[in-house]
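K.L.:
Model the full assembly from the supplied sequences, consistent with the hints where possible.
Counted the way mature numbering (1 follows the signal peptide of the UniProt record, and there is no 0) counts, the sequence shown spans residues -19 to -1, 1 to 490.
These are computed hints drawn from the structure, not numbers from a lab. Please note that a few of the clues may not be correct.
To be verified - Only pairs whose alpha carbons sit at most 30 angstroms apart, straight line, appear in this in silico DSS-like list of lysine-lysine:
#, residue 1, residue 2
1, K432, K296
2, K390, K431
3, K134, K307
4, K307, K252
5, K348, K477
6, K296, K307
7, K348, K233
8, K233, K134
9, K461, K348
10, K296, K285
11, K431, K477
To be verified - Here are the simulated distance ranges between beta carbons:
#, residue 1, residue 2, range
12, A291, N415, 40 to 48 angstroms
13, H106, A456, 50 to 58 angstroms
14, K103, N481, 45 to 53 angstroms
15, P332, A249, 46 to 54 angstroms
Since the model is a prediction, treat every value here as computed from it, not as a measurement. From the three backbone atoms N, C-alpha and C, an ideal C-beta is built for every residue, glycine too.
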Amino acid sequence: MRGGLRSFIVLSAVSSAFGAWIPYSQIKNRGESAFLNCLESANLDPVVQGDSDYATDSSPFNLRLQWKPVALVYPEDANGVSAAVQCGAENGVNVNARSGGHSYAAFALGGEDGHLTVSLDKLRHLSLSGDTATIGSGNKLGDIALYLWENGKRAMAHGTCPEVGIGGHAGQGGFGLASRSWGLLADQVQSLEIVTADGQIRTASPTENPDLFWAATGAGASFGIITSFTTVTHAALDSIAFAYTFANYGAKEASNGLQAWQTFANDAVNKLDTAVGLQIHIDPGDTGVVFSVSGVYYGVNEAKVNSTFAPLLKKLGTPSDIFLQKQDWITSVLYLAGVDSISQLNTTLTPDTHDYFYATSTFVSAKEPMTQTASDALFEYFYGPGSDTSVEWFAIFDLYGGGDSAVTKVGPDHNAFNARDALYSIQYYGTIPNGTVSDADGIAFIQGMKKAIESGMPSTQFKEYVNYIDSTYSAEEAHKRYYPTHTANLTSLKDKYDPNRVIHFPQDF
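P.N.:
Below, the structure written as structure tokens:
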């Protein structure tokens, strides 16, 4: 048992006004709390402050954000999730789902103290029928990739980190290197099972509760707890992994490199094959900042890679290092994840990692590619302040559009994901050395990257990627950045499915 009827001093009472939290009274008997009694009666065995498991169970992926849930529960199925949501609703306790727990803002723990975290660890069912997979939302990307590979050599487009849970990833977009061919992970979802704020277990699809399906495949965290996804899968392809490294670039060469890269990717005449997953990585190295163009080209040989990238390399110059390697699908998954063994994709066998960090993002649109002025400012920042900081940072540019990309060829309102016009995303990430750099200074340093671009393109309203969620945003700012044209509809749907804001975090609708 995780908890049982233990006697510890716990936080125990909520205000009678829903969502208006007051401090818990200290009591010595769990039985005096109607909320905890409700969870116990549903056999949900809550973990609360004072329990031996609490510190570990409530530890966030982002150690900078130590929110304290009033309780964590581990339901075994959708009925258990429903019971947990109803206990929260009946007792004025806000509820959040935790799939993998990798929210950059720790919203699985509420984004503030005093929420109920419904952890989906036990919802790990996986099945495959033909090319259709049914995936419990407690599964993580590594487990899914391994299962699909071992059961028919199937695959999906999704992110590279094995520990990321499918719930938030698919529920809010879900980009992967194969997305230009197959779409975002959310686009590959055919239907889903979701527990809404009234405790109902609903099926949502393009034909059943279609408005809920639209919202939950792009803004899922606000609309309920997704317990299962039904998705299409694809034949797992061999590929050539490639990387062209330019360790001797300075800021100007790197800025020109980005300009050449985005022109190459966005060429309307010589369209880039959708089988190309393409990135730029910017990393501080031992002898200076390193610029590299890398990715995966699916279903081709090395000669095709060389001919495809010859025009770009002509503009970039001679790389300091070239890496080309033929890989089957699962080897590519390992390579992109940065792990060595297939066993490391089985997340039940490997402990998750944690970090003390801040991250944020930018989408650059195909219609407004980054100007020379903006890229000059960005790379002056990377190669200037970025070469002289204790923050352990990186930046990744992921190509979403270009050519006939499956991400961008669907309409702007295909689902709640609100950046179908994106040419590429930029993720800015920095590990803040606790005790050496203050949180405020570390955050300001990473924000300086984004501000460099925005100062160079002052009239552009940049969108951002909600799965790289910025923990500093108010709800208003988050809606403007993540859902600029969808906020009104999402707010209306939130009023319909969750009028009392049972499912709540600081940036929801």
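K.L.:
For a quick check of understanding: which of the numbered hints are violated here, in increasing order?
P.N.:
Numbers 5, 8, 11, 13 and 14 - these are the hints that the structure violates, sorted from lowest upward.
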